[in-house]
Structures are given as structure tokens and as C-alpha cells.
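Engineer: The primary structure of each chain is shown beneath.
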Amino acid sequence: MLRLFRLLLLPLLVALGGRAAAAEAEIRGRIALPKPPPAPVKQQRYEVVTSGGKVALSPALAVVYLEGEFPPGPPPAPARMIQKDQTFLPALLPVQAGTRVEFPNLDEIYHNIFSFSPAKRFDLGRYRPEDRPIPSQVFDRPGVVTLRCDIHVHMRAIVLVLATPYFTVTDEAGNFRLNGLPPGNYTLKAWIDSTETRAKPVALAAGSRLEVDLP
Amino acid sequence: MKPWLAWLLAICAAAPAAASEAWFDRVERALTFSACEDRLRARLTGVLSLEGYAVDTPPPGLVFADGERLFNPRLMLLLQGQWGGRVTGFVQARLDRGFDPGDGPLELRLDEYALLFIPWADRKINVQVGQFATVVGTWVARHDSWDNPFVNAPLPYENLTGINDSAAPATPHPLLEIEPDERYEYNPVIWGPSYASGAAVSGRWGRWEAAAEVKNAGLSSRPESWSVHRRNFSRPAFGARVGFRPDLRWNVGVSAAESAYFLTAAGPTLPAGRSWRDYRETVFGADAGFAWRHLQIWAEVFRARFEVPVFGAVRTTAGYVETKYRFSPQVYGAWRWNRQTFSALALPGLGRRPWGADRNRIDTAVGYRFGPHVELKFQVSAERAAGEPAGTAWHAASQLNVRF
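Chains as they are written, first to last, in the numbering used here: chain A, -8 to 206; chain B, 3 to 406.
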């Protein structure tokens, strides 16, 4: 009896799951990205020798996200931004509000991450790669958080805290793909930098696939 | 305009600027240059410092002012360049009232410049040529006003001794007593960051690091001696440091330096048949540092020996322990204990007596950062020298720094 029930239930679940997947919408498009600024010059006046020495190039990227009213979901998974070769990786990290971000130091030298941004003000101090737990912060307020290193002036990164679980980072050509979106009327936004955010209203039908460019 | 009013206005002007991070970002972009597909990069940065001093007389260390109040504005500009991954360089110029805080007219100076080259791909060794800070000790790494938790330098880098590099003492008196009006004629063990000209090689191998330099002037030499145009390499000065990091938190090292300390102009005051090259300054130093989370501690001690015509060798020991704690991203506190002692000198008719006044100084500072680009510091120092009838001398200083 139980076996029969399983045999009947399984195709039903698959069918329901398939319908749910088909109901999710997708937006693809392209963001026209600005020309990247010159790479930073490393301060090494009084360092005994440069460590790593990787030239930190920072191609322009944009964060594309869907803004609107969403039903409450599960708590966001922890995220990570590492310090390697005197660079933050990734240099731009979008997270949903409430996300805990860990900051492992993978260099053989100290860094000292701090932020004066109103959305999150903190100072992690200096810590070794082997120190546990890995220093972290919960980013609970939407906004732009600029991270710096108190020791290496050229190190800079951004944590973009968003009030939405639907976001992605473009590739270096500006292409993006946002999927798994719920149907409804929303605003599609592209965060270019701290002074520029582009926006366009979108209406998503169940299972629809939109092409949206933000020039 | 009254100095205190200028200082107050500067704070009022700085506060809104601190809030405008975007403005500093625009300045940074405007002062950054890139060419040859990003292989050639250059960036101009700077720190505008407004310092105020309220000191007992005579003023402490390398502060050269007649009165008890001093306003000392300073603009430091640093141009850094990078060609690929292995060649870098920098030029530092300052507009201020003198290399050391003083009440002179504003002057523009080229204080530091160097070309740095990493000869091998494993990046373990740097070669540096130019006019730059000494490799001896560890205070140099935080001597810029933005990095220094205090307004002034530790005692070994600024306390004037009885050594006068422009004239040999004909009697014991100039060696034993520093005339307040002639303070600038005298020398400390190390004159600030000692930006003498020359070449240095530095490297790191696992937990070990080492640096050695050949310069045109020694550690105690005055700023006028540091340029190659003012002093050549006919009697080079040597310095070196070896460091060991048992752990990222700890850093210990030893330093040594040797040079001739007299200026060539002192020649006529020296004994017949002797040259300025014959009288040496020899310095041995040890340093230790600890840093973890929001706490940093540094300690250095130097033992210096000066060969003085007629009177023989004199010795002094100078050191300090310094600590800094960041209470928040914006507020830090710092505390430093400095001490310098002098060896005894046998003098005909005067017996044995120290050739300088043993000295203790405690510096306490608090700093507030308005943002990543603007900070304000206050410092109070209590200084006591053996045999001083006036007892403890109190000095206060404040510094507003705007970094761009």
C-alpha cells in the first residue's frame, strides 16, 4: 500500500515541482558599464619588500537586483570576502540585508579592515590567517558599505547591502541573468557606483523570460 | 589671524569635508594617472596637517620656537609611481615652517625621493636609491603624521644631546649644558626619520627580514646634511637591521649604524691633524613589536657612542615603550614612556658627572577620526630631567590631519 502511495505521489510531486519551476521568471540583459578607473598605486615606501605583488586591476562591474515586495524567505546564507595578495576578493559583494560576511585573511601579512560607512561602521583590527573564528560582521542595514584597510591604503572593497534576495553581479561586459524570480510588478535596478543607480519597471508573468538592457 | 582662531576655523571646515567621502573619491580619481595599458601608474596623495603646541620653555625635543605657543601648518605631498610590477618610485615634498616644528617662514622642500627596484621575480629583495628614511629601528614606518599616534617623535629620535656637529667643544661646558638659544646646534641620537641620501637593500626570507643602507650622512645628522648636494659620500655612513617574526603578531629586531657625525665645517675646531672623518657615532639598537586585533605595542632601545675630541667617548642610552589601542573605528588612545640616560664623564676639576641630564617623558594621546580622511589628535606630555630645578615640564600638542 505504502509502495503504491509512493508510486502515485512521486509523479505528482515532480509535476508540481515542474510547474513551480516553470512559474519562475527570468530577466536577461546588458548594463552599459563605465570605463574602469586606473588601478591603484601601492604604497610601499617603508615596506621591507612587497608581498604578493599582484597588480590589483578593478574592472567595472554592476549589481543588478529586483526591488519590490517579497514574501519573507529563509535567512540568507553566510557570505565571504577574502584578503589575498593585498586585495579584497571579490571587490564588490552584494548581500541581502541580514547576511553575515566572513573576512578571512589569506595573506602572510596583516590587514586591518574598517568601515566608516553609515550603513555599517566597524573595525576588525589585525588578525592572523589561523585565527578562529574568522572575524565577521552582520550587514543588517541596506546601503553601500565601503571597506578599507588601515595598513594598505590602496585596498578598497564594497559590500552592497540590499533589501532583496534577488540580485546578481554582471560580467565585465555588463551581461547579467537573474532567474528564479517570482511573478509580479517590480523595479529592476542596476547599481553602477555610489553615485549612479539605473532603474526600469518590469512586469514578470509566471514563467516569463524578459530581455532588459539598462544603457 | 590668531593661531587658535585659524585652528578652530580649520576644524569647522574639516568636519563637513569628513562627511563627504565622495568628494575625496573624486579628488583621488583626479590625482591618479595611468598609461601604457596600465603598466605606468602614478598617484599624488597628501596630508594637510595643522599643529598647535603649548609648551614649557625651553620647548622639548626638535621643536624650535621662541614662545610658549606655536602654530605649525604643514602640507605634505607624495607622488608615487609604478612601472609594471617591479619598478616603483616616490617623491615627497613639504610646505611648512621648517623640517622640524618652528616659527620660521613657510618654505617648500623636497624631503624624500627614491627609486625602488625588485631585481628578481621571487620578489624577496628590494633595492632602493635616493634620499629616504633610515632602515635602522622601526619608528620610521609610522613617522608620517597620519600614521603616528602622537604629534611628536619618541625621545631617541628628537631629544637633543650635548653633541654639536658644527663645532668641537673647547671646554666641557657646551657638552654638559645646552644653551636654550643654541638648541639647533645640537644633535639627537637619531634626527627624526633621518632622510639621508644613499642606497639600501632590503629583503624577507620566511620569518627573517633584513635591510642595509649606505648613506651620505649618519643618524644624528641634521636635515641640511641629507641632500647629496650638501654632503657627498667621501665618508659614507652605514646602517643595518635584522628582524625576526616568530609569528605575525610579533616582530623583533636588532639594528646597528656607524658614521662620522661632524659637519665638514667643524674642521677648524678639531684638534690639529685630525679630520671630521675621524670622530664616529656608533649606534646599536633593539626593537620589539606586538600587534593583534586592536592593540599595538612597540619598544625600542638604542645605545649610542660618540667620539668627542679631547674628552673621549661618551655614551647614551635612549628608548621607549609605546602602545596604541583602537576603541572603535573612530577613537584611539596611545601612551608612551620614554627614557634617556647618559654615561659619566671624568672631567678635570669637576670629577665624574653625566654628560647629559637623564630624562623621563610620558606622552599620552587620544585621536578621533571623523572619517577615512580626517583625524584630530591631542597629546599631553610630562617631562622630567635630572637636576632640573623647575621640576616636571608639561607640553601639549594637537594636530588636525586631512588626508587625500
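A portion of the hints provided could be inaccurate.
Unchecked claim - Here are some of the chain B residues that sit facing chain A, going by a computed Cβ distance under 8 Å: (1) Ala290; (2) Gly291; (3) Arg295; (4) Gly335.
As the list claims (entries may be wrong) - Below, simulated DMTMM-like cross-link-like pairs (lysine to aspartate or glutamate); rule was C-alpha separation at most 25 Å, straight line: (5) A/Lys26 <-> B/Glu211; (6) B/Lys126 <-> A/Asp98; (7) A/Lys75 <-> B/Asp249; (8) A/Lys26 <-> A/Glu60; (9) A/Lys75 <-> A/Glu17; (10) A/Lys75 <-> A/Glu187; (11) A/Lys111 <-> B/Asp249; (12) A/Lys75 <-> B/Glu30; (13) A/Lys26 <-> B/Glu23; (14) A/Lys180 <-> B/Asp27; (15) A/Lys26 <-> A/Glu15; (16) A/Lys75 <-> B/Glu39; (17) A/Lys180 <-> A/Asp131; (18) B/Lys126 <-> A/Asp141; (19) B/Lys126 <-> A/Asp131; (20) A/Lys75 <-> B/Asp280; (21) A/Lys180 <-> B/Glu23; (22) A/Lys26 <-> B/Asp40; (23) B/Lys126 <-> A/Glu121; (24) A/Lys26 <-> A/Glu121; (25) A/Lys111 <-> B/Glu30; (26) A/Lys75 <-> B/Asp40; (27) A/Lys75 <-> B/Asp27; (28) A/Lys75 <-> A/Asp162; (29) A/Lys111 <-> B/Asp27; (30) A/Lys26 <-> B/Glu30; (31) A/Lys26 <-> A/Asp184; (32) B/Lys126 <-> B/Asp249; (33) A/Lys191 <-> A/Glu58; (34) A/Lys75 <-> A/Glu58; (35) B/Lys126 <-> A/Glu93; (36) A/Lys75 <-> B/Asp105; (37) A/Lys75 <-> A/Glu121; (38) A/Lys111 <-> B/Asp40; (39) A/Lys26 <-> B/Asp27; (40) A/Lys75 <-> B/Glu211.
No lab work stands behind these hints: they were computed from the structure.
Predicted model, so just to flag it, every value in this text is computed and none were measured.
Here a beta-carbon is modelled for each residue, glycine too, at the ideal position from N, C-alpha and C.
Engineer: Each hint needs a verdict: does it hold in this structure or not?
Structural biologist: Structure-based check of all given hints:
The beta carbon of B/Ala290 is not positioned within 8 Å of any beta carbon in chain A (closest approach about 16 Å), and the interface hint is therefore violated. With a cut of 8 Å, the hint placing B/Gly291 at the interface with chain A is violated, because the nearest CB-to-CB distance is about 11 Å. Interface restraint check: B/Arg295 against chain A, minimum CB-CB distance 4 Å, threshold 8 Å, status holds. Against a cut-off of 8 Å between C-beta atoms, the interface hint on B/Gly335 is violated, since the closest Cβ of chain A lies about 14 Å away.
Using a Cα cut-off of 25 Å, the hinted pair A/Lys26 and B/Glu211 is violated, with the two alpha carbons roughly 40 Å apart. Between the alpha carbons of B/Lys126 and A/Asp98 the distance comes to roughly 15 Å, so the proposed pair stays at or under 25 Å and holds. Of the supplied pair hints, the one linking A/Lys75 and B/Asp249 holds, its CA atoms being roughly 18 Å apart against a limit of 25 Å. The hinted pair formed by A/Lys26 and A/Glu60 fails the criterion: a straight-line CA distance of about 33 Å is larger than 25 Å.
Between A/Lys75 and A/Glu17 the CA atoms are separated by roughly 34 Å; this puts the pair beyond 25 Å, and the hint is violated. At roughly 29 Å between alpha-carbon atoms, A/Lys75 and A/Glu187 are farther apart than 25 Å, so this suggested pair is violated. Of the supplied pair hints, the one linking A/Lys111 and B/Asp249 is violated, its CA atoms being roughly 31 Å apart against a limit of 25 Å. A threshold of 25 Å between alpha carbons decides the hint, and for A/Lys75 with B/Glu30 the separation of about 23 Å falls inside it, so the pair holds.
The hinted pair formed by A/Lys26 and B/Glu23 meets the criterion: a straight-line CA distance of about 21 Å does not exceed 25 Å. A threshold of 25 Å between alpha carbons decides the hint, and for A/Lys180 with B/Asp27 the separation of about 23 Å falls inside it, so the pair holds. Between A/Lys26 and A/Glu15, the direct Cα distance comes to roughly 34 Å. Violation of the 25 Å bound is thereby established for this hinted pair. Taking the CA atoms of A/Lys75 and B/Glu39, the gap is about 24 Å. The hint holds against a cut of 25 Å.
As the CA atoms of A/Lys180 and A/Asp131 are separated by approximately 20 Å, the hinted pair is consistent with the 25 Å bound. Distance hint between B/Lys126 and A/Asp141 is fulfilled; the C-alpha atoms sit about 24 Å from each other, no more than 25 Å. A C-alpha spacing of about 42 Å is found between B/Lys126 and A/Asp131, which places the hinted pair above 25 Å, so the restraint is violated. As the CA atoms of A/Lys75 and B/Asp280 are separated by approximately 51 Å, the hinted pair breaks the 25 Å bound.
Our distance criterion of 25 Å between C-alpha atoms is met by A/Lys180 and B/Glu23, whose separation comes to about 23 Å. A threshold of 25 Å between alpha carbons decides the hint, and for A/Lys26 with B/Asp40 the separation of about 13 Å falls inside it, so the pair holds. For the given pair, B/Lys126 sits about 23 Å from A/Glu121 by alpha-carbon distance, which is consistent with the 25 Å threshold. For the suggested pair A/Lys26 and A/Glu121, the alpha carbons sit about 38 Å apart, so the restraint of at most 25 Å is broken.
For the given pair, A/Lys111 sits about 23 Å from B/Glu30 by alpha-carbon distance, which is consistent with the 25 Å threshold. Restraint check for A/Lys75 and B/Asp40: satisfied, since their Cα atoms lie roughly 21 Å apart, inside the 25 Å limit. The straight-line distance between the Cα atoms of A/Lys75 and B/Asp27 is roughly 24 Å, inside the 25 Å bound, and the hint therefore holds. With a C-alpha separation of about 21 Å, the suggested pair A/Lys75 and A/Asp162 falls inside the 25 Å cut-off, and the hint holds.
For the hint linking A/Lys111 to B/Asp27, the alpha-carbon distance of about 19 Å falls within 25 Å, and the restraint holds. Straight-line distance between C-alpha atoms of A/Lys26 and B/Glu30 comes to about 16 Å, which keeps the hinted pair within the 25 Å bound. Taking the CA atoms of A/Lys26 and A/Asp184, the gap is about 12 Å. The hint holds against a cut of 25 Å. Between B/Lys126 and B/Asp249 the alpha-carbon distance is near 19 Å, which keeps this suggested pair within the 25 Å criterion.
In summary, the hint linking A/Lys191 to A/Glu58 is supported, as the alpha carbons are separated by about 10 Å, within the 25 Å threshold. At most 25 Å may separate the alpha-carbon atoms for a hinted pair to count; A/Lys75 and A/Glu58 exceed this at roughly 33 Å. With a C-alpha separation of about 30 Å, the suggested pair B/Lys126 and A/Glu93 falls outside the 25 Å cut-off, and the hint is violated. Only pairs whose Cα atoms come within 25 Å are accepted, and A/Lys75 paired with B/Asp105 is rejected, the gap being roughly 46 Å.
The straight-line distance between the Cα atoms of A/Lys75 and A/Glu121 is roughly 14 Å, inside the 25 Å bound, and the hint therefore holds. The straight-line distance between the Cα atoms of A/Lys111 and B/Asp40 is roughly 33 Å, outside the 25 Å bound, and the hint therefore fails. With a C-alpha separation of about 16 Å, the suggested pair A/Lys26 and B/Asp27 falls inside the 25 Å cut-off, and the hint holds. Under the criterion of a C-alpha separation no larger than 25 Å, the hint pairing A/Lys75 with B/Glu211 is consistent with the structure, at around 21 Å.
Going through the hint list in order, the structure does not satisfy hints 1, 2, 4, 5, 8, 9, 10, 11, 15, 19, 20, 24, 34, 35, 36, 38.
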